[in-house]
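Visitor: Listed here are the chains, written in short residue letters.
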Amino acid sequence: MPSLAAVVRLLSSFGLTTIILLFLCLLTVVGTYAQETLGLHGAQKKYFDAWFVVQEVIGPVRVPLPGGQLLLAVLAINLVVGGILRLKRSKNTVGILIAHLGIVLLLAAGFVKYYDGSDGYLALYEGEQANYFESHYEWELAITRALPDGRLEERLVPYEDLLGARGDRRRTFTAADLPFDLELSGFQRNSMVRPKGPMFEVDVPVVDGFYLEPRPDAVEAEQNLAGVYATAVEPGGEQRHEALLWGFESSPSSSYWAPFTFEIDGERWALDLRQKRFALPFSIQVDDFRAEFHPRTMIASTYESSITKYEGDVVQPQIIRMNEPLRHDDYVMYQSSYGPSNARPGQRMYTVFAVVRNPSDQWPKWACWVIFIGLAIHFVQKLGRHIRSEAKKAVA
Amino acid sequence: MKSLRCVAGWLLSTALVCSAVTAGASDPPRARSAAWDPAVVAQFAALPVQEEGRVKPLNTAAKWMLVRQNGLSSCKTPSGERLSAMEWLLDSWFYPEQARTYETISVTDSVVLDAIGLSSIVKKKRARYSYAELEPGLTRLRELAMQYSEIERDDLSTTQGQTLDLWRSMHESRMLQNGLHFARARFPMGNSKGLSRTFPGRDEVRFSEILDKVGALGAVYEQLRRGTPDGVSDADAEAERQALETVLLEFNSVASAGGGFAMLAPDRSIEGDSAWFTIEEVAFAAASGRDVPPGWVAAIAAFEEMAASEPSAPGFAVALGKAHDELRGLATARGEGQRLDLEVSFYKWAPMQWSLGLFVLGFLFVALSWLGPGARLLRKITWSTVLLALGMLIAGIAMRCIIRNRPPMTGIYDTIPFITAVGTLAALVIEWINRRRVALPVAAFLGMAGMFLAYRYELGDANDNMKRVVAVLDTNFWLWIHVTCIATGYAAGLLAGAIAHIYVLGKLFGLRRGDKAFYSGIARMVYGAICFCLIFAVVGTILGGVWANESWGRFWGWDPKENGALLICLWNIAILHARMGGYIRHLGLCVAAILGNAVVAWSWWGVNMMGIGLHSYGFTDGAVWLYLGYGVEGVMALLGGVVWLLERERSRMTPPAAPANP
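Respectively, the protein sequence lines represent chains A and B.
Converting from the first sequence to my numbering requires adding 13 to each position, the first position being numbered 1.
Converting from the second sequence to my numbering requires adding 20 to each position, the first position being numbered 1.
So that you can see chain B by itself, here it is in the shape it has in the complex:
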């Protein structure tokens, strides 16, 4: 919490500095005349950035920044042109005046606009606005943000939280729009003899040139500040000191204008420094007498070249290539950023989104096959589509593993695709064994629902979901073995519940009435899935305890997440014993499996929303959906009760079978 306040404070102070900077920069071009060349965008996309503890492509940073502001990973210009996150970032950098007019800043509740005195621009309660539209309220917004940033996160009201979100969006927009301020800056020589000697024959110099010499210039300035050197008049020394001071101050303010991304990796001359540098930090380090690696100067000079030309000009591509090589070279020399291209490809080819689309298509084919004509062919198409969707999903999971060099699951987002993949795969295996055309639609439905949840969660969370893990999770062995087991248990539990729905609804609506083999087949599938769930849930839960014992010294701590996993084990063991004791039969088994869905949902999401314990994420945004889910499963269980009553009534009314003739 403290860190949140620190970050907010830093944002505010940076913003104050930004607003003070005007000097030394040439005006940026006002509007882009043609669409961005995809090759240029691709090269920018693959530039390395250090953010949230890891090195990632600029494309990833741009995507999440836009999602945070806009709720989507793309946006529209006022002329209707759809821009990717990377194109939006490039417009913000190279055409800031134009980017200011893009309606990318989402305001969830217009109350926030009322609070900053912008009631007149309210479009509707929830709408997107451009930076230019919101700028008149910036002063009031800053005041409120300073006030609210002192409040603990848990104590913030909804409106206060949204105000801070709006401030962050405005700040990030401005940071991007000022991102190349340094590259456009020109520093006039004035009357300084020292500067003229350092840069002979020049009227003005660029940021990179000052950066390269700032250590030496700073030393001269310090010398002049201490006293007049021999052979120089006091007036000349004072004039020289003032000229140098002006340049150094401008250099400093230009550097701090953008904030910007940490794109400059320290080279080998900077020992033991794992943090990369932003332009501001580079300027500070150089001014503090730290050596500036030649690669930094070259990369910054390449950005200056780009800022000085149109993207269609040949020099732009050359400079971009130079910046790309320098920045990637610095990262590679440290052994970092080796999987940048793979990560760019991951977001470019979007296997997760493709799998969602294919699962939806698969489910549509299944639905069509229920109508009758061409059912056999449609089933084959469904099989192919769902298999392809599953393949895309597994490929996506595998790519994420390789990018992070981690097992499939390190955060809650990761659990969604993984559980979806396991649930779908298990359903397909069941269908392949049983061929009853029950598990196939379940596979398509689970895939569709799971990937839709993943998509919504990703956008709602609006944060990079390949973040670094905390120290205790820094063990691939336990992440593999424990988390994978537990998630597989969740998947099987959900699959059992999903198949059980077909049993209850089928009985209720008279589907294949009298076909006992059909329903006993479904019950066997549910039973099998419960057994599958139990074995993984039990082993996963105990292994979690063993991990906790290895790491924290206690096998069991009654932590909410541990209790969630325990509940799945207890519930499934209770079902199996009730079945063995004859207390429940097929219908009871299915109703229990449906309630098992609520148990799994509680374990997977419910306990995380409680805001307590070691696995608490403290989010409550999806609580409504979770309670809705509990409610739906409760109603389904009640419908199971209705089926039981109907069947009992029916068996009463059916006359006993006549004795067989001898």
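One chain only, chain A, in its complex shape:
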């Protein structure tokens, strides 16, 4: 059994640092090339967000590799133990110590963002208002009841539960105050709705002449359009409201938004498959969107959105444009893109904001300065010593 001292020696060794860094190099290269086939999101999940990776080499040959999470975790320990706690303290290592502290701050920023941050987007047509933003990758099913006073009451089936209804699996959701059971099946992360023709058969349910065709995950995961079969079964099981829900209908590219609706005992209900929503502590309304192009080109010189931010009684007009986001506590909204891409002059436009909640938003900037100062001190010291030694040699 190795002694504690031996473990500490190992964890603080240059050898461990070098090995981790070389594995990180390898993972970076492999993970980058993997983006060609898996897309950015897929490669990130497989290589950088994972603890272990099984890498295909040639044919059936597979090689296990440490994933990004594992490497960064060990690197952080190695850095703290070897680069800070056990670092020999002298004026010659001041710079190294500072640089290592900066890297720790940088890793901490990444950790906080990964575990406590969220990001997504918000697409709004001119005149529209919202107090939420949506995930790029995750979906949810909203069950909405129209209350007599005109308000909407909403409950959600989260993404994890939707994943449980994939393929042949079927899941049933019940609640005491729901006048029906909700059966979900055939969930697809990426799908296309097709009309069922008379000349062919399909092995999935057909609803109102349409069925859900599974599609492989898109290389750009943001382009996935989820789909699911949903059936609201009234007590007794005699009345069934069958629906085919498809994510496209709630996307900004869709020209209309039409959730599946049905009535039970005079109450109106709706089912909507949409990208997972995160609440914002304020709401924004898009008043105007403008895109300008460099003359005689299709190169955008600027695009910007005039918005009004509502927070309680505070109404604040603002412009969000490239490199000038809207900041509100931990939330930041960036001008990301716009549409429709083939809009005619005068056509109503929608604007897309990237929305991020990141408690460690500014930490990398501070870390950058700390690392720069540390490295500068260290290398200037080294250069000074080198020049002095060369000068001595020249004199000799």
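Please keep in mind that the hints were generated in silico from the structure rather than gathered at the bench.
Quick caveat, the model's predicted, so the values are computed rather than measured.
A portion of the hints provided could be inaccurate.
Claimed, not checked - Each computed DSS-like pair below joins lysine-lysine, with the alpha-carbon atoms no more than 30 Å apart:
hint, chain 1, residue 1, chain 2, residue 2
1, A, 378, B, 581
2, B, 233, B, 213
3, A, 58, A, 378
4, B, 342, B, 368
5, A, 406, B, 536
6, A, 406, B, 400
7, A, 395, B, 536
8, A, 289, A, 59
9, B, 400, A, 405
10, A, 101, A, 378
11, B, 487, B, 368
12, B, 144, B, 96
13, A, 405, A, 104
14, A, 58, A, 289
15, A, 59, B, 581
16, B, 143, B, 96
17, B, 536, A, 405
18, A, 378, A, 322
19, A, 395, A, 405
20, B, 368, B, 96
21, A, 58, B, 581
22, B, 342, B, 487
As the list claims (entries may be wrong) - Going by beta-carbon spacing under 10 Å, a handful of chain A positions derived as facing chain B:
hint, residue
23, 26
24, 115
25, 316
26, 345
27, 399
All residues carry an ideal CB built from backbone N, CA and C; glycine is no exception.
Following the hints, complete the assembly by docking chain B onto the known chain A.
Guide: Chain B in isolation, oriented as in the chain A frame:
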């Protein structure tokens, strides 16, 4: 991609219109009798043109048009006369019949000629042809181009891409040859009383005169079309309407014949219009009832004067001066085109090409100094030559910054001269500190290789490399701070690798065998360059993340370019920790630095060729050279392994030193 298809469609439709136009123009002179006067060429060169979102001198537009067709910025006439791009453009404008015979259209693969039924004219697989030679295949070429322009760019085969290139070259040639069609056009009055009243005492009028009155003529025509005015017989009204219609149609077709450059800047009367006008657009705007600024009419009239006389005639120079003043005046009034003269000078004095030549010369001097005699003097000459080359390079970079009012790097081309300059400068500083005659040849070599790459890239890309930037890059602060840091890191990484080559090759071939101080000195230089690389790569990479966080809301997105920069940081940190841990010494450090070259090349070029991510340029033309580079560095690393084995063997065979006498 959509825009590419739109442009191709526009080219095709314009070409169809061009081919329909014949009426109303006098024949251009057939051949030029004397060389172009340099003063005339210089004045034409400085005319403003709006192209690709920016105002540039006509000279720049001509240069890139010729490079796209010819692969070079100059061409030869059948008589062997070498023409600059501007002279070629002037020949195309003023002597189109002669310009048609210039072999300026490069065909990369003769398969394209086979496809358009011109197998009989094939000279060799890759050759240049004249417009006249290729013209018989134009109909088939147009059909194929229409077909291929519907295909997404990424899905085009090589031959299809080359067919579209050939079509573009043919179209641009014809556009130039028809460029002054408007200036030669004459519109007869016929029997029109309205025209006779508008232009009293004239048998025919010029394009500029019609342009000036086209709004009024159009109004009369519209009135006649609606009905017969009081006091005029129906027959007279119909005759008048037909006469006016003929003139207006001819005016329209003459205007659309050339396509041409957007040289006419809107004046203050046209609010909120940032796009300049071509002759065709001017005619359309005027016919649509838009006011025609007097400056446009005067400039067009000046071109008509030039088209009507020989360049040697005194009236030509006067008209050219008038056109120059009017066009520049229109641009200046809008606050545009203030650096046209500087840009003309930049291409005229060609500091980048001069620096390439001087670096080559410097490297030759270094090589000569290795031979022995006069080494001291040759080293001094080398120092001077390389310093001069670096000075030219820095001057060129500075001129490009001033012309664009931007930091040194906004596109991938810009990174090449910048990295070359930083690498060379750093090598000279190392040589100045160490005086070991190692970094000086490296400086000359890096300068030569870098500027050769810049030259080849520029010609291969064949596009204006001072283009406008996209919205997200429209921030000089981040362009300065992040891109400059990263590129400096690249430069230092490449410098470390270059010096390391000397270590490995020197050891392998027994250069200064036994001189430990020499080799430890080289290793220290490599170490210093790696440290230099690391600090800039780390700071640049983090600043890139900070910029991304400011602009897009995420510090790190695992984008291929970000990963490339990260890899440089990781690799260099790994080297330094391996060195500190004693796992590598001098030789290991140098081998790692050589492999670092491959890392830098991957980060600089490799990830851009993947066709994915935010920094993707999707080009693969230089992929072979890149893989060759990886291969060379791999072999060099293996040679480092051979050196290690040889040294180990040698140390085994060397008897241990005898103990010193007490």
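Visitor: Are the hints correct? Go through all of them and say.
Guide: Okay, the hints, checked on the actual structure:
1. 378(A) x 581(B): 19 Å, holds
2. 233(B) x 213(B): Holds. Residue 233(B) to residue 213(B) sits at ~15 Å (cutoff 30 Å).
3. 58(A) x 378(A): 25 Å, holds
4. 342(B) x 368(B): Status holds; Cα separation ~23 Å.
5. 406(A) x 536(B): 14 Å, holds
6. 406(A) x 400(B): 22 Å, holds
7. 395(A) x 536(B): 21 Å, holds
8. 289(A) x 59(A): Distance of about 22 Å is within 30 Å: holds.
9. 400(B) x 405(A): At roughly 24 Å apart (the allowed maximum being 30 Å), residue 405(A) and residue 400(B) satisfy the hint.
10. 101(A) x 378(A): Judged against 30 Å, a Cα distance of about 27 Å means the pair holds.
11. 487(B) x 368(B): 19 Å, holds
12. 144(B) x 96(B): Cα-Cα ~18 Å, so holds.
13. 405(A) x 104(A): 22 Å, holds
14. 58(A) x 289(A): 18 Å, holds
15. 59(A) x 581(B): Holds - the C-alpha atoms of residue 581(B) and residue 59(A) are around 19 Å apart, at most 30 Å.
16. 143(B) x 96(B): 17 Å, holds
17. 536(B) x 405(A): 18 Å, holds
18. 378(A) x 322(A): 27 Å, holds
19. 395(A) x 405(A): 15 Å, holds
20. 368(B) x 96(B): 19 Å, holds
21. 58(A) x 581(B): 18 Å, holds
22. 342(B) x 487(B): 29 Å, holds
23. 26: Holds, about 7 Å.
24. 115: 9 Å, holds
25. 316: Cβ of residue 316(A) sits 6 Å from chain B, so the hint holds.
26. 345: Check passed: Cβ of residue 345(A) comes within 5 Å of chain B, closer than 10 Å.
27. 399: 7 Å, holds
Violated hints: none; the structure is consistent with every hint.
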